[in-house]
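Student: With the hints as extra help, turn the sequences into a complete structure.
Protein chains: 2
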Amino acid sequence: MSLAFHREQASGPARRASMTLPHGVVQTPAFMPVGTLASVKAVPQSLLEELDTQIVLANTYHLYLRPGHEVVRRLGGLHRFMAWPRPILTDSGGFQVFSLNGLRKVTEEGVQFRSHLDGSAHFFSPERSIEVQTALGADLVTMFDECLEYPADRGRARQSLDLTMRWAERSRRRFEEAGGRETGQSLFGIVQGGMYPELRRESAERLTEMDLPGYAIGGLSVGEPRAMTREVIESTLQYLPEEKPRYVMGVGYPEEIAEYAALGVDMMDCVLPTRAARHSLLFTSGGRLNIKNRRFAEDQEPPDPVCGCPVCGRYSRAYLRHLAIAGEPLSAVLNTVHNLAFYLDTMRAVRNAISTGSLAELLAGMRARSGRS
Amino acid sequence: MSLAFHREQASGPARRASMTLPHGVVQTPAFMPVGTLASVKAVPQSLLEELDTQIVLANTYHLYLRPGHEVVRRLGGLHRFMAWPRPILTDSGGFQVFSLNGLRKVTEEGVQFRSHLDGSAHFFSPERSIEVQTALGADLVTMFDECLEYPADRGRARQSLDLTMRWAERSRRRFEEAGGRETGQSLFGIVQGGMYPELRRESAERLTEMDLPGYAIGGLSVGEPRAMTREVIESTLQYLPEEKPRYVMGVGYPEEIAEYAALGVDMMDCVLPTRAARHSLLFTSGGRLNIKNRRFAEDQEPPDPVCGCPVCGRYSRAYLRHLAIAGEPLSAVLNTVHNLAFYLDTMRAVRNAISTGSLAELLAGMRARSGRS
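Chains A and B, in that order, are what the protein sequence lines are. 2 is the number of the first residue of the first sequence in the numbering used here; add one for each residue after it. 2 is the number of the first residue of the second sequence in the numbering used here; add one for each residue after it.
Everything labelled a hint here was simulated from the structure, so no lab data went into it.
For identical chains, the list gives no copy identity; a pair is met inside one copy or between any two copies.
Result set (SDA-like, lysine to any residue): computed pairs, CA atoms no more than 20 Å apart in a straight line: (1) Lys293 <-> Glu71; (2) Lys42 <-> Arg279; (3) Lys42 <-> His280; (4) Lys293 <-> Val72; (5) Lys106 <-> Met166; (6) Lys42 <-> Pro330; (7) Lys42 <-> Pro311; (8) Lys106 <-> Ser126; (9) Lys245 <-> Pro23; (10) Lys293 <-> Leu66.
Tutor: This is the structure in structure tokens:
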């Protein structure tokens, strides 16, 4: 069994579950820190464990370029390479390749693109993406999809969806041929369809027919208004099977990931906590802090007085500001540890609120504190 | 009692001792990692503790500029500011100020200099350095000295030594006035005298008459040949009191710090392990590794197979190479942790060898492995 998804409790559409994978159990709803190049930027794996990080995401496109998937395979796979014994999910490379504007060409067969590093020519197809992901050996792998630009008219969205569906079949076929299932990997489908609910529904239904172990909702956070993101998620979820894990890719702010979990989403990932940390932005229960702000120069408080993370337990805002202003490399380490702790704590609070039936109160409190409504 | 230095064992001129300070006990011979701006670059304080770091050094000049010593004082002193409860030593700022070529002017009174950050004008005198160090509140503070350039003729060295000795008296007087002793700080004198043994002797003897709690040998590692560094250390040590701690500033490679400890040095500091780490250079029992080297691309070995540090216990050379090549911020973190562990382990081995009478064998082994003789 590569993946067992046991729903344990529910609160409206939200559910709390245990997802058992070859490298461990993930309590959902779960947030997955992003480890683009086989490293959650600036954070030692031991500190990720101290934060009780259950699963990380790694990027197929980036690892294909550096150090190369065959190198990782020869070194025993991604878990061993990055010394991370817990679950890993790899994306398909689709999002990154489609972000290479002007450096890529899409055909029925796949995508020709040039490396952002040295301009060298490469080709990704559904088959190629699966081969790379098989070499990397993550617990969860994803289909190669076309990530539709925003805005896109209905005709363009229709055409793109059909291509993604043909690619989905090819991804699945190659995954079966490559023996991914035998080695314990699970292949997630990716729902596309732009911002058109009926196309999203069609995509979800056609993927459901493929009876995959899990489903992702892709093509969001591409520039659309936040309300639209939420609508697409909510309308799409109803066409995905309740007994399978449901993953929304590339979202979002802390109050958003809590809201999406309340809609019934089980997994999310986002670069926001890690990237913001490197730009001195801290997420806290009292809202966002730009830790470089002069008002923190002599502030003895921890970043977030109600946070139990190792950074808030030891350091003051004044010290974190000093590190940021002075450009000390420790700044990124400590800011990232705190932001990840805040995201992981948010999901922990959501899971507890599902168990205790207090999800509405949790969300209302988060919205109030974040200054949004 | 601000400082108690108990010699426990000796092996020739080398000695093993416990130095009790207000914030803890330091086992000597000791290596002190450099935390220039109140941070050992890239390493969380919790990992420094995991490495059993006993004491760190911080730079008065840098902290005076950022965040400012009055800010640190108002925040409760350096220990609280940087969340480091163990001993700290601050240098006097002399070395940094004298490194500001073209940006400084020396008079009898002190040194006028311009900040390397914004060109703003500042003035350091012996009194000012002590005031700044009193505000920072380290366990060990140091006198403001003129750090003589190399090479310097005898006349110049004589003149500089006399200035440093007049500054030593002023430093001591200001330290007494400021009540540094009452707050638990201990003031170390700094032996100067260039590369002239008779001037070093005079400097050591005049400082010894001041009956200070400890003595540093400064003005080394300024471009002189390594053999000369060693000669100056060896000849100077015989004129410093045996019952006081003796500290050589700003040295050296691992095999050098072991050799100097064998000569009877008790404390050393150097930016080498931390700075080299950020340039991908690792110190190991088998010699130095440039971890970016292609030959490590698929090397599953830890950086140093006989090292017990958390980096060698978890990560491969292949992974560390990948992080370095990809410019991942985790690279500096892990490389620094390993290099510091190697330096601290070297001093631990020296201490054990003093106890067991095997110091000569230890040094011979280190020289052989480092490829030097």
